[in-house]
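On the provided structure of chain A, position chain B with the ligands as indicated by the hints.
Here is what each chain is made of, one letter per residue.
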Amino acid sequence: MKEVVVRAENLTKIFNRSIVAVDHISFNVWKGEIFGFLGPNGAGKTTTINMLITVLRPTEGIASVMGYDVVKQANEVRKIIGVVPQEYTADEDLTGYENVMLCADLYGIPRDVAKRRALELLDLVDLLDFKDKRVETYSGGMRRRLELACGLINRPRVLFLDEPTLGLDVHTRAAIWDYIKRLKEEYDMTIFMTTHYLEEADALCDRIAIIDRGKIVAMGSPGELKNSLGGDVITLALKENADATEVIKSVENVKNVKYENGVYRIKVNDGEVTAPLIIDALRKRGYTVIRFSLTKPTLNEVFLEYTGRSLRDVEESKESFIAHRITLMKARGR
Amino acid sequence: MDMINEYRPSLMRGLKALLHRELKKWLKDPVMVVMFVLQPLIWMGLLGKSLNIGGLFSSNIIDLSQVMSLPQVVPIPGDVIINPPGLQVVLLNGTKLSQVMLANLNSTISSLSSMVMQSAFGVTDYFSFMSVGMISMIVVTTTMFSGVSIVWDRRLGFLGKVLSTPVSRAAIIFSKVLNATLRAMFQATVILVLAYLLGLQLSPSFTPINLLGIYAAVFLLSVGLSSIFVAFSIRSTRMERPMQFITLVTMPLMFSSNIFFPIQLMPEWLQVVASVNPLTYLTDAVRYLTILPTDLSAVIMDFLYLGLFASIFSIIGIILSWRYLTM
Ligand SMILES: Nc1ncnc2c1ncn2[C@@H]1O[C@H](COP(=O)(O)OP(=O)(O)OP(=O)(O)O)[C@@H](O)[C@H]1O
Ligand SMILES: [Mg+2]
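These protein sequences, in sequence, are chains A and B. With the first sequence counted from 1, adding 129 to any position gets you my numbering. With the second sequence counted from 1, adding 1 to any position gets you my numbering.
Only chain B is shown next, with the shape it has when bound in the complex:
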C-alpha cells in the first residue's frame, strides 16, 4: 500500500498550487480587474485633466489691463503705430497697444508658465506628473485586498482546511503576497498604457528597458505592503477589520506622498511625512523612469529605500503570520 512516504510536500509545490488558485479566481472575475483600474482612471481623468495648472498662466486668465497698469510696464501714449489692416486694435487705459508688444507679452507669460511648471513638477504638464503617480495608488488598493481575501478564506473555512494539510505555512502567506504583487504589476501596466493614450508625455530618454525598472519598483513596494496587510488581517475573522483599515489608510497615504503635489512645495511637517512614505519613492522612481530625464543616481536611491522597506516589512509580516499559522 502506498502510504506515508509517498508525500513530497515542498514549499514550491504548495505555493504554486495556492497561487494558481488565486490567479484563476482573478481571471474568472474580469469585473474586479476593471473595478480596480477604474478608480485611478477616474482620478486621472478628473484630477489630472481638470486641474490644468499650466492653464493658470495663460493670457486669457491673466487680465492684461491689470498687467499694463503696473508701474514697470510703460504704456505707449497716443496712436503712434497704425495697426495693420484686418487686425484687431487693443485698447489699454485709453491707449492702443501694438500687436508686437502684445505678442511679446503673451510669449513672456507662457514661458513664465513653463518655467514655473518645470521647476515645480519637473514637466510642463500636470497630467503627466500625476498620472504616473496613479501607479502608486493602484499598488496600495490592490495590495490591501490581499488582506481582505485572507479573511474570506478564514470565514469560509478554506484557510482551516489548508491548515489541516501538511502544506508549508510559508506557502500560504507567500501565495497571498505574490498574488497581490502580480496583480499590482499587471494593473500598473494597464494604468501606464491608459495614461499614455490619454496624453502622457514620455521623456526623450525613455527606453523600453525603463519598464523593467518600473516593474522592479512596483514589485518591491507590493511585497512590502501586502506583507503588512496580510499580517494585519490574518487573525481577524471579521470582514470589517481590513475594510476599515483600507478606508482609514488609503487617502492619507496618498496625499502625504508626492503623487499629487511636489514635496518641496508642501508645508514642512508634511514634507517629513512624505519623505518616509514609501509611495513617494515608488512615484519618484517611476517618474524618473518615464516622464523625467532618466537620472540613475536618483533612481538608485529610490530603489534602496524601497528595497529596505520591502525587506523589513515582509520579514515582520511573515514572522507575525507564521507565528499565528503554526498555532
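With the rest of the complex left out, here is chain A:
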C-alpha cells in the first residue's frame, strides 16, 4: 500500500489578481520517494513549494502534508517539514553552529537535544571543522550544506528542496547529492525537490512532474516519461533546400517528422535499424544528407517536447540569477 505524504488538488496561486503563477495543479507524493518538479524559469516551482510549506496562501485548491491541511493546520505542517530554500538564507554574521542552533530555537527543540543534533548534522555535512567560522567565509557548497543541516534539525518527515544545487559546480553538486541521499537513508524521509539539472532529476528522482507556465504538463517516472516520447529521435539536415518530409515519412518505423529551420526532427522506433533506411531512401531521391544524429531519448528531449524550450536557455538565465543573488548578499554584507 502506498501512503500519500503530500497531496495537492487544484492548487492555484494568482498574484495581484492577474499573474497566474500556479494553475490548478494536482499530484500525490508517496512515502519514501524523491519527487521532482522540473520546469523553466518562472514556471511556478517556488510558488508551489511556498504554498506547501505554509508560507503562501493558495488562491484556490487544497494541499496537505501527512494529512494536515497547509492552511487550516499550518502549524502542524510546519513541525514535520524541513525546508532548504532556493536562496542562501543562513545569517552571514553568525557562525555555522549558531545558525543551526537558531533554527533549533525556532522549532522549540530543547537545548540539550538541539546541541547534540546540531553537532551530529554538522558532522554529517562535513562542516564540523568550520562550525565556529562565520558563514560570511563559507563557499557556495558549504552554504548549501549548512542549509541542509538547518533544514534537518527538526528531523522532518518531508524535506522540501528548492533547487538544492543551483549555482554549484559539477563536483560540488555531486557531493551535495551524496549528502542528501545519505541523510534520506538516515532519517527515512520523503523528499520534494525542484531542479533544472535534468541529469540530476533523471538519476535521483523516483518520479518527476514537468511544470510549465503554472501547469503540470507531464508526470511519471523518468523511464515512463522517456518512453512516452515514443522512441528515438533522429535529427538531420540536407544539402538541398527542398522539403523531403514525405520521403522520410514513407520509410517504415518512422512515426513523426517535424521540419524546422532546415532541420528534420524524426521520431522513430528502433533507431539503429531505421536510420540507415532513411538515409538510403533520401539518397535514392537525389538528396544529400550533410548532418545526422541519433538520440536515444533523455529527459532533455522530454523537456523540449513538453515545454518547447531547450534547457540550455534555462541554465544560462539561472547562472545569471545566482550571480545576482550573490551580488545582493555582498551589498548587504557591507
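Hints are supplied without guarantee of correctness; some may be wrong.
Lysine-lysine pairs mimicking PhoX-like chemistry, simulated, CA-CA at most 25 Å apart [stated by the list, open to error]:
(1) K131/A <-> K313/A
(2) K131/A <-> K160/A
(3) K244/A <-> K262/A
(4) K26/B <-> K262/A
(5) K244/A <-> K26/B
(6) K368/A <-> K384/A
(7) K355/A <-> K368/A
(8) K387/A <-> K368/A
(9) K25/B <-> K260/A
(10) K17/B <-> K262/A
(11) K368/A <-> K160/A
(12) K262/A <-> K25/B
(13) K50/B <-> K244/A
(14) K131/A <-> K355/A
(15) K17/B <-> K244/A
(16) K368/A <-> K344/A
(17) K50/B <-> K260/A
(18) K260/A <-> K17/B
(19) K413/A <-> K26/B
(20) K29/B <-> K260/A
(21) K29/B <-> K262/A
(22) K396/A <-> K160/A
If you anchor each label on the Cβ, the simulated ranges turn out as follows [said to hold, decoys possible]:
(23) S350/A <-> L28/B: 46 to 54 Å
(24) D252/A <-> F256/B: 34 to 42 Å
(25) L28/B <-> S268/A: 22 to 30 Å
(26) L212/B <-> D307/A: 55 to 63 Å
(27) L28/B <-> N204/A: 28 to 36 Å
(28) G196/A <-> T327/B: 40 to 48 Å
(29) N356/A <-> K29/B: 53 to 61 Å
(30) S268/A <-> M13/B: 31 to 39 Å
Residues of chain B clear of chain A, computed beta-carbon distances all greater than 12 Å [what the hints assert, rightly or not]:
(31) S51
(32) S108
(33) L271
The hints are simulated quantities; they were obtained by calculation from the structure and are not laboratory data. Glycine included, every Cβ here is placed at the ideal spot set by N, Cα and C.
Only chain B with the ligands this time, still in chain A's reference frame:
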C-alpha cells in the same frame, strides 16, 4: 524515536532566539552604531553650537551708538567725568560716556538676553535646549531602520525560512520592535553622554533616577514608531519603499516638533502639528528630566501621551503584520 511531541515552541523562546540574532548582528557591526550617532552629533555640533542665539544679545552685536541715540537714553553733555587713568574713553555722539554707565548698559543687555532665552527656551543656552532634542532624532532614525531590516530578511529569504517553522508569528514582529527599541535606548545614552561632554547644563534638580524616566519615555516612543515602520515594510519586497519613506518623513517630523524651536513661538498651524507630534512629548519629557527643573505634572502628561501613542500604534502595527504573516 523522538518525534512531534518533542517541540516546545513558545513565544519567549522564539523571541529570544530572533532577538539574539538581531543583537549579534548589531554588535558585529560597530560601524553602524557610529553612523547612527554621527548624524545627531553633527547636528549638535553645527546647529547647537553655531546657532548661538544667546550671543545675539551681547554688546558686541548691539551697536551702542544706536542705542544711545534713542530718545529715552539721555546723553551726558560735556566732559563731566574724568576717566580713571589707564582706561579707555568711550565717545558717543561726540560725548564721552562714563565707564559706570557703560557697565550698567552691558549688564542690562545681558540680563535682557537671559530673560529672553529663559522665557523662550527655558534655559539660558541654546545648546542645552537642542542637544537633548537629539534623543528624539535618534529614536526616529533607529526605529525606521527596523523597517529596512525586515525587507532585507524577506529579500534574502530569511523571513521565508522563519515563516516555514512553527515559531510564533508574534515573535517575529516583536523581535524587530524590541531590537529597534534596545538600539534606540543605547544610542540615546550615547547622545546624552556626548551632549554632557560638549557642555550640556543639567538642572540642579537632576538626579540619576531621572535617567530611568528618560529610558521609559524613549522605550514608549520607540515601540510605537517601530511598530508602524515594521507594519509598513512587512509587505514590501523592495528596498526603495522604506528608504523613500524615511527620507520623506524624517525632516518634517523633526522640524514640526519642539526639537529645535519652542512651540509657543511657532506659527499657529505648526503649533497644531507639533502638539500631536509624538516627538514633541518625548523631547518635552526629556527636557523636564534633564535641563529644566523637574516638573512632575508636565512629565506625567508627556508619559500619558507617549503611552497612548505606543499602545495604539503598536496594536495597529502588530495586527497588520500579524494578518500578513499568518498568510
Ligand atoms: N510575490 C509575487 N508577486 C507577483 N508575482 C510573483 C510573485 N512571486 C512569483 N511571481 C511570479 O509567479 C511566476 C512563478 O514564479 P516562481 O518563483 O514560482 O517560478 P520558479 O519556477 O520558481 O522560477 P525560478 O526557476 O526562476 O525559481 C513568475 O512569473 C513570477 O514572476
Ligand atoms: Mg524558484
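L271/B remote from chain A - nearest C-beta pair above 12 Å: The claim stands: L271/B keeps its Cβ more than 12 Å from every Cβ of chain A (closest is about 39 Å).
Straight-line alpha-carbon gap K26/B to K262/A, limit 25 Å: 15 Å, holds
Holds or violated: K387/A to K368/A, with C-alpha atoms at most 25 Å apart: The given pair, whose Cα atoms are some 17 Å apart, holds under the 25 Å limit.
Hinted pair K29/B and K260/A, Cα distance within 25 Å: Roughly 18 Å between the alpha carbons, so the hint for K29/B and K260/A holds.
Hint consistency between K413/A and K26/B [alpha-carbon to alpha-carbon, up to 25 Å]: With a Cα-Cα distance of about 76 Å, the restraint between K413/A and K26/B is violated, given a limit of 25 Å.
T327/B and G196/A - C-beta distance against the hinted 40 to 48 Å: Check failed, 21 Å falls outside 40 to 48 Å.
Restraint check for K368/A with K384/A, where alpha carbons must lie at most 25 Å apart: 23 Å, holds
Pair hint outcome, K244/A versus K262/A [Cα-Cα no greater than 25 Å]: Cα-Cα ~17 Å, so holds.
Given as non-interface: S108/B, partner chain A, CB spacing beyond 12 Å: 57 Å, holds
CB-CB spacing for K29/B and N356/A relative to the 53 to 61 Å hint: 56 Å, holds
Restraint status (C-alpha distance of K260/A to K17/B at most 25 Å): Roughly 22 Å between the alpha carbons, so the hint for K260/A and K17/B holds.
Proposed proximity, K26/B with K244/A (alpha carbon, max 25 Å): 22 Å, holds
Of the hints listed earlier, those the structure fails to meet are numbers 7, 11, 13, 16, 17, 19, 22, 24 and 28, in rising order.
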